[in-house]
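Starting from the known structure of chain Y, fit chains F, R and E onto it as the hints suggest.
The chain contents come next:
There are 4 protein chains.
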Amino acid sequence: MSGITIEVPIRVRYADTDRMGVVYYGTYPTYFEIARTEYMRQRGFTYRRLEEEGYFLVVVEMVVKYYDTATYDDLLIVRTSLSELRSRALSFDYMIMKGGRCIAEGKTYHVCVNREKRVVQLPPHFLGILRDGRA
Amino acid sequence: MSGITIEVPIRVRYADTDRMGVVYYGTYPTYFEIARTEYMRQRGFTYRRLEEEGYFLVVVEMVVKYYDTATYDDLLIVRTSLSELRSRALSFDYMIMKGGRCIAEGKTYHVCVNREKRVVQLPPHFLGILRDGRA
Amino acid sequence: MSGITIEVPIRVRYADTDRMGVVYYGTYPTYFEIARTEYMRQRGFTYRRLEEEGYFLVVVEMVVKYYDTATYDDLLIVRTSLSELRSRALSFDYMIMKGGRCIAEGKTYHVCVNREKRVVQLPPHFLGILRDGRA
Amino acid sequence: MSGITIEVPIRVRYADTDRMGVVYYGTYPTYFEIARTEYMRQRGFTYRRLEEEGYFLVVVEMVVKYYDTATYDDLLIVRTSLSELRSRALSFDYMIMKGGRCIAEGKTYHVCVNREKRVVQLPPHFLGILRDGRA
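Chains as they are written, first to last, in my numbering: chain Y, 316 to 450; chain F, 316 to 450; chain R, 316 to 450; chain E, 316 to 450.
Chain Y extracted, bound-state conformation (with noise of 0.2 Å):
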């Protein structure tokens, strides 16, 4: 959507990894989140600022494509970017790349919700960062 794309480095823990000797594949969930908080801070404000005034992105849809392993200490990057915006919704998209090689993909629906757990709209100065696209 706007172009921009964020990488987000993640050092695997030990925690994440499962008798299978790889990253389990629960774990990468996680990444996308970590990686969308930091896209957020990227681009100019905090999820979790957004939260303390009342917002909150739930994930309403996710999918996820694996086609390589990782492991324990592997430094991931994780490519994030906003696939979609609108006023009420957004998605993004991540690569998970491990020494120059997409190892899995996924994206992320979430709509916005107040305190009250009602579909609203993302606040003006929120979507207008995202919309100017300033990185």
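Any copy, or any two copies together, can satisfy a pair, since identical chains are not distinguished.
Pairs of lysine to any residue residues, derived as SDA-like cross-links and limited to a Cα-Cα distance of at most 25 Å, are as follows:
id	residue 1	residue 2
1	LYS380	MET410
2	LYS422	GLN436
3	LYS380	GLN436
4	LYS432	PHE360
5	LYS432	CYS417
6	LYS432	ILE418
7	LYS380	SER406
8	LYS432	ASP388
9	LYS380	GLY369
10	LYS380	ARG334
11	LYS432	GLU368
12	LYS413	ARG394
13	LYS380	VAL435
14	LYS380	ASN429
15	LYS380	GLU431
16	LYS432	VAL375
17	LYS413	GLY318
18	LYS422	TYR382
19	LYS380	TYR370
20	LYS380	ASP408
21	LYS380	LYS432
22	LYS432	ASP383
23	LYS413	VAL375
24	LYS432	ALA330
25	LYS432	THR384
26	LYS380	VAL434
27	LYS432	GLU399
28	LYS413	LYS432
29	LYS432	ARG401
30	LYS432	ARG326
These are calculated hints, taken from the structure and not from any lab test.
Chains F, R and E in isolation, oriented as in the chain Y frame:
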């Protein structure tokens, strides 16, 4: 596919929740894993034994749709079924139920690999049990 | 203390293991949490209800001793008992059993706080139930 | 022991929190694991390589003391030092700092085992590096 649906109860752990007060979105893949473990056990063998025989059902894709939330101490039911069964691959469908309502749905796609991570055929006795459909 | 020991079964999840092939050392605190949840349920109330009434048993200290390992699909038993009970604090003892042998032991110390995070007395009905010792 | 203290930054993940709004008490062992991984890297070798050479520092005991809480997006510093070093065992001390204050402390005790899970001596080059104390 086989039409057999197994219901797997899962009690939400405190550790499964996040500061939004609900089950963390990245916990659902773990619920799916528990559900397919129990599915296989009830169909007459265990995934643990499959691994001991040198076969691994690695996840190649996952889709999750989130409709509502769950929280600590909720007793969830995961309705689990085999949606596809081929000689080298299979997929599972999951519906996460809370008090009669579906709060999330998911699907995982797996291929069978051996210890050298090469795609191989599922062992015949395993395939046979799944095809037979004795629950 | 009260002499009552509750046995809580826990099936090891794949997610609980790490690349050493065994349950990750940081998973045991989660097992303790499940065990004390079930301890309280079997003693006649739930920790969830305690929180709904505005009381929280925050952990102030934990000790874990690891004697042996467990792995995926093992069925563990957590022998759980209340080792201390005071008006504002309590502690739990845990023994993690695998096939009749103790593979780990732990202890957690808790104080009771209210929604403002101030240390307060445990509510009388809760204290009474724990003192009574009806299992 | 060696007097060298390494400071390891950790950004709290959303996944690390629980419905009390703070970092789950069972997340701290993972923070310790990250901290000792970085401690070893900064002292001149990696734990990953140690495992590749067939040595494993299994945890035999852990103590954690919780003084205050942390939450999502907090940037914590884990002050990590080696508190004991013997030929077959070592222990680490951890202080988790948030904004200059210590919110939790911990200690882990490890023994060195080989691939057959027998207790063995730490390899000499590893021992030498830790004793030298070049940071």
